[in-house]
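2 protein chains.
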Amino acid sequence: MYNVDYEPIGRRGLCSGDVSLLDSARDMNVDIVSICGGVGSCGRCVVQIIAGKVSKPTLEEEAELGDDALREGYRMACHTYPLGDVTVRVPPESLTAVQRTQVEGLHVDVPPAPAVRGVDVSLVVPTLHNPLADDVNLWAALGRQAGRIDYAVQRSLAEELRVREWQVCVALRGDEIIAVGAPGTRWLGLAVDIGTTKIAAYLLDLESGSTLASRGLMNPQIAYGEDVVARIVTAGKSAEDAARMQKLLTDALSQMTADLCSEVQASPAQVVDAVVVANTAIHHLFLGLPVRQLGQSPYLPASSTALDVKARELNLKIGTGAYVHLLPNIAGYVGADHVAMLLATRIASAPVTTLAIDIGTNTEICLNHQGRLTSISCASGPAFEGAHIRFGMRAAPGAIEHVRLTGDKLEIQVIGAESPVGLCGSGLLDVVAQLRINNVINRGGKMGEHARIRRGAGGTEFILAERPGLEPISVSQKDVRELQLAKAAIRLGIQALVEAAGLQEQDLQRVIIAGAFGTFIDVQSAVTIGMFPPIPLERYEQVGNAAGTGARLALASLEQRSEAQRIAGLDGYIELGSVANFSQKFSDATFM
Amino acid sequence: MYNVDYEPIGRRGLCSGDVSLLDSARDMNVDIVSICGGVGSCGRCVVQIIAGKVSKPTLEEEAELGDDALREGYRMACHTYPLGDVTVRVPPESLTAVQRTQVEGLHVDVPPAPAVRGVDVSLVVPTLHNPLADDVNLWAALGRQAGRIDYAVQRSLAEELRVREWQVCVALRGDEIIAVGAPGTRWLGLAVDIGTTKIAAYLLDLESGSTLASRGLMNPQIAYGEDVVARIVTAGKSAEDAARMQKLLTDALSQMTADLCSEVQASPAQVVDAVVVANTAIHHLFLGLPVRQLGQSPYLPASSTALDVKARELNLKIGTGAYVHLLPNIAGYVGADHVAMLLATRIASAPVTTLAIDIGTNTEICLNHQGRLTSISCASGPAFEGAHIRFGMRAAPGAIEHVRLTGDKLEIQVIGAESPVGLCGSGLLDVVAQLRINNVINRGGKMGEHARIRRGAGGTEFILAERPGLEPISVSQKDVRELQLAKAAIRLGIQALVEAAGLQEQDLQRVIIAGAFGTFIDVQSAVTIGMFPPIPLERYEQVGNAAGTGARLALASLEQRSEAQRIAGLDGYIELGSVANFSQKFSDATFM
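Respectively, the protein sequence lines represent chains A and B.
Residue 1 is where the first sequence starts when you use my numbering, and the numbers rise one by one after that.
Residue 1 is where the second sequence starts when you use my numbering, and the numbers rise one by one after that.
Treat the hints with caution; some may be incorrect.
Just the calculated beta-carbon pair ranges, DEER-fashion [claimed, not checked]:
hint : chain 1 : residue 1 : chain 2 : residue 2 : range
1    : A       : Glu159    : B       : Arg117    : 36 to 42 angstroms
2    : B       : Asp259    : A       : Gly147    : 33 to 39 angstroms
3    : B       : Ala239    : A       : Val125    : 23 to 29 angstroms
4    : A       : Lys247    : B       : Ser41     : 43 to 49 angstroms
5    : A       : Lys247    : B       : Leu59     : 37 to 43 angstroms
6    : B       : Leu70     : A       : Ser262    : 43 to 49 angstroms
7    : B       : Phe582    : A       : Gly147    : 35 to 41 angstroms
Using 30 angstroms as the maximum straight-line C-alpha spacing, the simulated DSBU-like pairs for lysine-lysine come out as follows [claimed, not checked]:
hint : chain 1 : residue 1 : chain 2 : residue 2
8    : A       : Lys317    : B       : Lys237
9    : B       : Lys247    : A       : Lys310
10   : B       : Lys53     : B       : Lys247
These are computed hints drawn from the structure, not numbers from a lab.
Just so it is clear, CB atoms sit at the ideal spot from N, CA and C, and this is done for glycine as well.
Please model the complete structure; the sequences and the hints are all you need to start from.
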């Protein structure tokens with residue numbers, strides 16, 4: 001029996017060597033498309049082998065996929081058998097159900113002040129008596145002193161002007177021409193929040209600042225490790241792996257941009273500006289910056305200032321001479337996504353003592369007390385994403401997301417109203433809170449007695465759902481411990497900030513909960529298990545993907561970019577590891 | 001018998017299919033290195049087949065050269081036989097004699113004000129208590145507000161700082177860090193004048209502005225056509241050929257930079273600035289800009305403003321984030337090299353009516369009359385380079401460069417004091433002038449009678465040198481006609497400028513002759529054949545490679561770059577084709 005790991009959906013299980021990857025995926029409820037039923041004729045169940053050994057490609061696969069795809073590890077799941085432990089990437093197009101990711105967020109409402117503006121111009125038709133060079137002609141038509149023309153634009157300019165018969169629309173960024181298109185071209189911008197696990201992307205109309213389309217997708221780098229530490233280690237060891245991780249990400253972003261554009265009948269060539277936010281490690285992996293020093297004390301970013309990089313240097317397929325703007329990082333574990341969150345929540349100008357929390361694989365927290373911003377980063381781990389939880393899974397159809405226990409009566413809510421196949425983070429949070437309220441577990445998290453509690457193969461476990469012919473879905477004692485570690489990290493972070501400001505938790509007037517996971521949790525449950533402090537519930541506010549909103553703000557307005565830099569400069573941050581009596585406090589924080 | 005064309009040395013001849021390229025090259029006095037004597041064991045006689053069919057590679061060649069080189073057309077001349085007409089490129093390293101190219105020029109003497117300056121800095125060693133991001137640390141050490149860091153520099157910065165233990169020298173260009181090296185790094189600059197036929201390159205110390213080394217080499221694009229029109233046609237037809245021409249040129253420049261650097265114990269990584277000048281077509285081919293519109297009326301440059309392009313976008317191997325600066329073009333046939341010549345000769349501030357002539361495959365002329373600059377371009381053709389002349393060759397060892405005829409007595413001067421193998425441009429000019437003085441040819445250029453005149457295979461010809469066992473070297477009636485066409489184009493250009501200014505040729509107070517060819521000609525001969533106007537000889541001044549000097553000036557000083565832009569803006573230019581009664585005047589100008 002081998003371990004098979006399906007990414008980015010995040011399901012793992014055992015599989016014997018005589019069971020195809022398609023069948024084992026089905027056993028684990030990974031919904032891979034298969035129209036022909038696994039006989040190798042439809043070519044739809046394509047997966048990519050990221051690590052590990054599998055059976056040799058068959059003739060059917062050679063015919064269906066071709067040599068190039070086979071070389072890159074692409075295989076038909078129905079014809080591939082594991083020969084050892086394997087990590088398998090399931091591309092989005094091979095999944096039947098689209099995963100639920102979070103793109104909604106705070107409403108963007110700033111006066112548009114984009115970095116790139118479109119200008120329609122009419123050039124003089126040159127003659128022997130007025131033989132204007134193309135670039136001189138263009139600047140004259142713009143009524144400006146000659147500035148810069150992007151090198152790639154310069155290379156295509158002559159043809160562009162002639163094909164469009166000397167009538168064009170110019171995308172102007174400061175004094176640089178970064179794209180040329182048909183008159184009246186609608187120039188677009190791309191805002192992206194790259195999370196360790198999930199990516200949220202938005203397509204904006206640059207002139208109006210309005211969001212035209214949005215998409216969520218999984219970060220394909222997840223195949224190289226679920227948390228940033230694993231990816232830092234891998235990238236730090238091998239420049240090749242680092243390059244592969246960068247390519248996986250930029251290819252996914254290019255594809256997603258094309259998808260977003262086709263949704264609004266536009267072309268990626270119209271995308272002439274982009275803002276990307278991410279945590280510091282992902283920011284560096286996206287840019288191909290070195291990350292080894294991020295993984296070692298004193299955890300230094302190679303770059304913490306705001307950057308503008310030509311998209312083509314990153315191999316990101318958008319408008320000809322477009323730049324990607326990256327908001328500044330604050331520290332090794334407090335990244336540009338945190339800055340974006342601070343920007344979107346307006347915490348810097350909050351009139352009362354306010355805390356903002358962005359829960360993810362890393363959880364970043366910021367406190368504004370009397371205008372002084374302090375942030376902290378906590379390694380809360382991927383438990384909320386379903387990792388290391390026996391029936392854990394991400395928030396996809398079939399995931400139990402909410403639970404209520406009244407005595408012996410259990411009610412469950414499943415995403416997509418389907419038969420349950422696992423448990424996502426908000427569901428786990430609810431289960432543990434309900435068990436605590438019903439005294440099925442004690443303050444220390446130890447499971448006691450209940451009609452639904454069994455001593456099974458996985459130790460003591462609480463049965464959530466029986467499944468005919470299959471093992472019941474349950475939460476184990478070990479799962480409860482995993483959640484305790486995650487929630488303790490977050491609570492400890494909150495306490496450290498509050499203490500550093502000379503406050504008590506009760507002094508928090510407002511707590512903003514940002515991020516995809518934070519949107520779906522039951523705040524009462526989070527308070528019950530002690531992840532959040534016991535303050536009145538009305539002080540909590542769930543705002544959705546604030547980092548994505550921050551990216552959109554910075555895309556829509558140069559003033560917002562300046563504001564982001566100002567905020568990043570304001571923010572002090574403290575290291576969780578430097579808190580006095582860390583171990584004792586951490587242990588205390590695991591209690592419920 | 002097949003035509004074989006050896007480039008860039010510019011020798012052509014007939015060769016039968018059973019004579020190897022090495023042997024046929026020797027027959028034509030192309031000195032290809034061969035240590036083993038042509039048995040295929042030394043691997044030194046490497047040539048590149050540019051066009052035409054040759055015999056299949058032998059096992060020796062496969063072993064010596066490898067598949068990649070064979071695919072690119074590289075072959076061993078001793079093992080390769082023509083199967084049809086062939087164009088063969090002889091790489092410089094396969095030539096025994098280095099050709100004489102012109103790098104000397106006007107003395108550069110401006111106060112250095114380079115675009116890039118080196119700054120030694122000492123960074124703070126970061127700790128957990130002072131965890132400065134690398135870029136923030138660097139800007140702080142520079143004592144400046146954060147500017148830009150070149151993307152490639154950013155990618156290598158983390159390692160650079162750690163390897164150099166936080167002590168580095170930064171190459172700063174405005175607000176952008178474009179390279180980082182060891183403390184005390186001597187930053188260098190490259191100035192290049194790319195001619196249609198020849199390239200002159202200079203390595204400068206940026207801090208002092210002094211020239212450290214210089215080299216001349218042939219433009220390898222010559223295999224795609226001797227004049228720019230041929231190259232424009234080829235590049236306009238096939239994007240692949242255009243890309244290949246660009247690569248040939250940038251590869252040659254990269255190699256030459258490495259050679260120049262090793263001459264002064266430096267590395268190309270130290271070259272952090274470059275200035276390139278060329279005529280408009282070569283400028284465009286170097287940048288990969290479209291050239292088709294340059295070849296069609298109204299002959300428009302894609303770009304005529306000064307440009308700064310990242311060297312890596314051109315695949316030019318110099319310092320990490322270095323830019324290449326290109327001086328502005330004036331028009332389709334009046335390029336940046338002309339601007340450089342105007343800059344170097346200081347013609348814009350000449351106190352008297354002054355003419356400057358840069359003779360090449362294209363000849364550009366500029367008149368300053370009372371502060372008004374007007375330029376013209378004349379297609380004088382490659383006759384001066386030896387093309388279309390029966391025994392023509394470039395100014396390489398063995399070329400007859402000067403001739404004196406007194407009655408029947410002929411004296412010749414040969415480059416390198418070797419046995420004569422051909423005739424270069426200045427030699428041809430001298431011969432025709434001497435024939436005219438001695439009345440061997442009449443004003444119309446028709447050959448009369450002389451002891452040395454024969455009616456041979458090539459028609460009527462004047463014998464310059466007998467060679468035992470070989471055909472004598474001669475100048476034919478047709479060669480005289482070729483020279484007449486070339487000199488008429490130049491004279492007509494001078495006349496057109498003078499007339500447009502309402503002057504007569506006698507009003508020219510000073511005539512500056514620039515360019516490699518112009519350095520070596522006998523001015524008296526040029527006046528005798530009517531290429532230059534009959535004004536007192538002391539008004540003529542030969543200044544060497546002024547375009548190369550102009551490139552060096554622009555490299556040494558930003559003020560000189562501004563001055564170049566000012567001059568380019570000042571300059572009016574006229575089209576030779578638009579001169580009234582062009583045909584009649586041209587015909588008149590062929591007389592001597």
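Hint-by-hint comparison with the structure:
1. A/Glu159 / B/Arg117: 36 to 42 angstroms: Check passed, 39 angstroms falls within 36 to 42 angstroms.
2. B/Asp259 / A/Gly147: 33 to 39 angstroms: Holds, at about 36 angstroms.
3. B/Ala239 / A/Val125: 23 to 29 angstroms: Between alanine 239 of chain B and valine 125 of chain A, where Cβ atoms are some 26 angstroms apart, the hint holds.
4. A/Lys247 / B/Ser41: 43 to 49 angstroms: With Cβ atoms ~45 angstroms apart, the hint holds.
5. A/Lys247 / B/Leu59: 37 to 43 angstroms: holds (40 angstroms)
6. B/Leu70 / A/Ser262: 43 to 49 angstroms: Taking Cβ atoms as reference, leucine 70 of chain B and serine 262 of chain A lie about 44 angstroms apart, which means the hint holds.
7. B/Phe582 / A/Gly147: 35 to 41 angstroms: Since the Cβ atoms of phenylalanine 582 of chain B and glycine 147 of chain A sit about 39 angstroms apart, the hinted range of 35 to 41 angstroms holds.
8. A/Lys317 / B/Lys237: holds (27 angstroms)
9. B/Lys247 / A/Lys310: Satisfied, since the Cα-Cα distance of roughly 23 angstroms is no more than 30 angstroms.
10. B/Lys53 / B/Lys247: Given that 30 angstroms is the threshold and the Cα spacing comes to 23 angstroms, the pair holds.
Comparing the model with each earlier hint shows no violations; every hint is respected.
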